[in-house]
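Place chains B, C and D on chain A using the hints.
Listed here are the chains, written in short residue letters.
Number of protein chains: 4
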Amino acid sequence: MSKIKIGIIGAGRIGKIHADNMLRASKVEIVAISDLYAGDELQEWAEARGIATVTRDSEAILSDPDIDAVIICSSTDTHVPLIKRAAQQGKHIFCEKPISMDVRLTEEALEEVRKAGVQLQVGFNRRFDHNFKRVREHVRAGAIGEPQVVKITSRDPSPPPEEYIKVSGGIFIDMMIHDFDMARFLSGSEVEEVYAQGSVLVDPVFAEHGDVDTAIVSLRFENGAIGVIDCSRKAVYGYDQRAEVFGSKGAVSAANDFPSTAVLSTENGVWSDKPLHFFLERYNQAYIEETELFIDCLSNGKPVPVDGQDGRQAERIALAAKLSHQLRRPVKLTEIEELRKGV
Amino acid sequence: MSKIKIGIIGAGRIGKIHADNMLRASKVEIVAISDLYAGDELQEWAEARGIATVTRDSEAILSDPDIDAVIICSSTDTHVPLIKRAAQQGKHIFCEKPISMDVRLTEEALEEVRKAGVQLQVGFNRRFDHNFKRVREHVRAGAIGEPQVVKITSRDPSPPPEEYIKVSGGIFIDMMIHDFDMARFLSGSEVEEVYAQGSVLVDPVFAEHGDVDTAIVSLRFENGAIGVIDCSRKAVYGYDQRAEVFGSKGAVSAANDFPSTAVLSTENGVWSDKPLHFFLERYNQAYIEETELFIDCLSNGKPVPVDGQDGRQAERIALAAKLSHQLRRPVKLTEIEELRKGV
Amino acid sequence: MSKIKIGIIGAGRIGKIHADNMLRASKVEIVAISDLYAGDELQEWAEARGIATVTRDSEAILSDPDIDAVIICSSTDTHVPLIKRAAQQGKHIFCEKPISMDVRLTEEALEEVRKAGVQLQVGFNRRFDHNFKRVREHVRAGAIGEPQVVKITSRDPSPPPEEYIKVSGGIFIDMMIHDFDMARFLSGSEVEEVYAQGSVLVDPVFAEHGDVDTAIVSLRFENGAIGVIDCSRKAVYGYDQRAEVFGSKGAVSAANDFPSTAVLSTENGVWSDKPLHFFLERYNQAYIEETELFIDCLSNGKPVPVDGQDGRQAERIALAAKLSHQLRRPVKLTEIEELRKGV
Amino acid sequence: MSKIKIGIIGAGRIGKIHADNMLRASKVEIVAISDLYAGDELQEWAEARGIATVTRDSEAILSDPDIDAVIICSSTDTHVPLIKRAAQQGKHIFCEKPISMDVRLTEEALEEVRKAGVQLQVGFNRRFDHNFKRVREHVRAGAIGEPQVVKITSRDPSPPPEEYIKVSGGIFIDMMIHDFDMARFLSGSEVEEVYAQGSVLVDPVFAEHGDVDTAIVSLRFENGAIGVIDCSRKAVYGYDQRAEVFGSKGAVSAANDFPSTAVLSTENGVWSDKPLHFFLERYNQAYIEETELFIDCLSNGKPVPVDGQDGRQAERIALAAKLSHQLRRPVKLTEIEELRKGV
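Residue numbers (the working numbering), protein chains in the order written: chain A, 873 to 1215; chain B, 873 to 1215; chain C, 873 to 1215; chain D, 873 to 1215.
Just chain A, with the same shape it has in the complex (with noise of 0.2 Å):
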């Protein structure tokens, strides 16, 4: 069998971490990297495994008939006309979530990879975490019965610099946005409606940037369930990730993650390990499941894990989530439409 042939849109952190991990896999050869600030460390970088083209030019890799799939982790603002550009010829693409910050540029591009017959996989790669996955195996498999309410926690262990801040679309966009997706994956429901509150608790220059840094998003879900997830930019004792899904039969919640398990008792307590300090460290095995996946599907012809629809669902809530909060009322998806144009 012929290796798919991969070229890597943006070498930023996350771009290179795809790359490592897809070069564990036999069936991948990375053929081209592009980079707006390309230069001798990417080169070199790129040298050292075997990657032959470096290039500022992402137009390089989206016409290169050779390649059959695009990485796009360049800056979310690129990634429709990207999409678009990469459905277009053809190329089966994983793009970085989110694809838009405009659900209407979104469905764009949607539509261009519905037209081309592609498939686009979005990085929402905690669906892949070995915690989360095995809540979602429980829930599916009926251990839970009904599901009732889905809780989930999701903090930072400390906020962006400012500059990402200004450009981040702000917290339920930037950061709550994997946890809308969760919300959907844990539940295997569409959300319906949510009410937002945030509060600017952590750093003043949150508001500057009408933007909060905790927030508490409360849901309602198609099927009758009802959840939440609370959110900071901010644990100073580290990243917090857990779930929990009540059900009619029971519940399964899943704990935070630490480097070790081991615990130290002495005269002034119990003491153990803080968690696993961010998402890099968290989530380093669920990256390269997610990279895995997406290169055994377009191997085998299967649907990607984690598709475009996905993607618009999560950027919806968000938006709905951002529409609660500055009209301090709650706020149904199908009104989101109608409300943009007021705001």
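Treat the hints loosely; a few may be bogus.
Given that identical chains are not distinguished, each listed pair holds provided it fits within a single copy or across any two copies.
Under the rule of at most 25 Å between Cα atoms (straight-line distance), these lysine to aspartate or glutamate pairs were calculated in the DMTMM-like manner [claimed, not checked]:
| hint | residue 1 | residue 2 |
| --- | --- | --- |
| 1 | K888 | E1164 |
| 2 | K875 | D912 |
| 3 | K1106 | E1018 |
| 4 | K888 | E1161 |
| 5 | K877 | D892 |
| 6 | K875 | E916 |
| 7 | K1146 | D1129 |
| 8 | K1213 | D1075 |
| 9 | K1005 | E1139 |
| 10 | K1106 | E916 |
| 11 | K1106 | E1094 |
Please keep in mind that the hints were generated in silico from the structure rather than gathered at the bench.
Below, chains B, C and D without anything else, positioned relative to chain A:
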């Protein structure tokens, strides 16, 4: 030092538990117990404990000049008149929660208590639970810095009978009033606004009585913190009572309680005990402690640890939650007087 | 049904605890308490509990024909004569562990008990601990198949005073006798051979009295299983009591006990409570249950749950362990009679 | 900096794992791999990794002047001659455990290594496990004061095939050698004396080959500490690897490892995942780290983290344990040379 003489009004399960718990303290003498349905069984029960008077008439207790304090464990609708009468007779009062289902009546009762200069403790027993007390200690000591997010999970093992549901006042008042008090207790701040989502997922009988069986209530506190309580009438695995406070310097959380630490590992997985069944098992020691502290405060002229204002505030939050659920929008506590006119 | 009339011999801490625990049961009347140093304080203590007779002379209890059962909580050297005398007087007996420090004397006492046809319960309270009881239930139910390895950890928070060490009989008899009983209880098998290693690591005062403060005892059971107990006089973090039974179909283990489930996460790590301080806190409920069961068995003519043979066997294992440590070699229980001649 | 050139001897499972792990490091080039049964499959495997030479003759590697270091993963009986030859050729050596089953042969190999001035790392991979490493860090940092008791649990999910049992050297050498090394590693002290108890409880086939399948080994350390290791060839619930060090200022323990933190609560109890299946899953990351450190030490001229003396000492303890089990008495390490003459 002479003993404090106690009369108990209402000889149901909780009245008897309070009696037995107080009999463990050497500073107390229970001189009378009244119950509408007092009969031979109660007579025998009282004799075994050296309680001299058993009566169907609570007034026999309220007008007895030898009695220093009354423990009100009768049905909720009797609380307000009994408190008023006890206060007028100069007796200290321990009253089960809620004081009433009508904040205005509660306020009338508190006014009487204030005028009489007696003490009134409300039976928010969970404040004395070993786990929640420890969470509060950490918060109070500043171990987590400024509280930012408060989370409470509250699930009963099975719903009450329909007869009870009818007159319960609904999940927000009957069940969640404990959780609203816990939110104030743990955060050390007042609740300002609530948004309540409810669903009927356990049993349609709740819908028949205009009630829900599953709820998520989002909270906004005066100090800017936000919070969320999730609540269910039926957790098949048993009673589930947890809390977490997240703040600027850390987080403190209390897991559920279990009858043993035994863990069984077999080919089929790792198995441990279900939680303690229900509130009598879980809060056994907390019930002891709340009455001990009540007696101790009376003996030493100290203010009781949970007073009438605590009772009133929890009722106001419960009412706001109920209104929020009806109106499907967030409700501020300052709105409730106005809103009640319309519903 | 008439109440069982109890006399308590020895009014130290544990005697008073047993008294208070039995007073909770309605089937019991404590009619007398004796103590060599009985004075005003004990008199007052007894009056508050309605105990009519306080005496310095245990014979006043032993010869009282109204007394059905005696609770022996006096010093270990008095146990054997008191048991013999109580048995001769036809009284049932609850005796604190150990029956004696000399297996031959213990056997004489048991012979007297046998002849009198009275019941004798030995105070191995840990068998009634919620955790260990649950471990035993799993083993008994066959959940782990055939037991193969038994592991017990037993650590005190701090060593006893030198005065006590001198007369304690040494760590193997004084402290580990509980663990030897636990090994038999959990495995459901008799111990056949032991090998004891001891060290003086906590305080040289133990060496001065021919004792050790830290020990590991390996066990071989009649059913082929093997086991190990590790023991220390001083765990600075508090009382540490754990057990594990590993078998052909799985393993069951009981972790230590803690005052709360609260967990504090900060920049410096994740902290939780130290264990319950010592045996009074840890075994509070087990003490209640062992006397309840004693009374219940007497009331219903059932055999007591821990009898004289259990007392004797634990003493034989302790003796074998002591000899093993002295001889620096494994010792079979069948050897102890022979070996004692030489040491 | 030029890359370190590596030759791998023995292309079984562990040889291939080491190869793949080293290929992740950019400082390494694997130039050759040898295996007695090398064929097309290995050829293909090597090509996919850019390993130029595949041979059946280890001498082709040992005599290649371009190779800096060899990784010895062939059968145990080949270790000593390969180490000697590699040392004579001036190559650094990474050798799987044990160096041999005969301490005298091991010592001969070490002497050759010493003379050649090359480095020898022994494959005690568990020292690099995230949990045990953290335990060691706490001990080394003095967090528990002076170590007093060391406890290790080591259980395999299922016994090896009979063919392997025959030549394994027995449980004390084959399986527990890792635990003996761990005892030295965690305590930071040498073992002075051991007492080993063994039983055949899993499968009579062990008895047929003079072996046991279940063992408890008590240890005495030079610094006065004592320890115990319990070991089983078959834990039906999966691999079980735990350790604890108890000392004058506290204790540190490492629990077992599990594939997820997911917990399922139902009417029938609370369930969580079985442990990680076996050593490949559990020590996956530890294998990576041990070879990374080996390469790093060679690159930077630092001494390797686990050397030949570590290999030799673990073998001496294993031998003492085997002798102790045969003689049914404690054995000092200083006795083994004398004792071996007689057995």
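Inset, instruction - If any of the earlier hints don't hold here, list their numbers in rising order. - result: Violated hints (numbers, rising): 8 and 10; every other hint is consistent with the structure.
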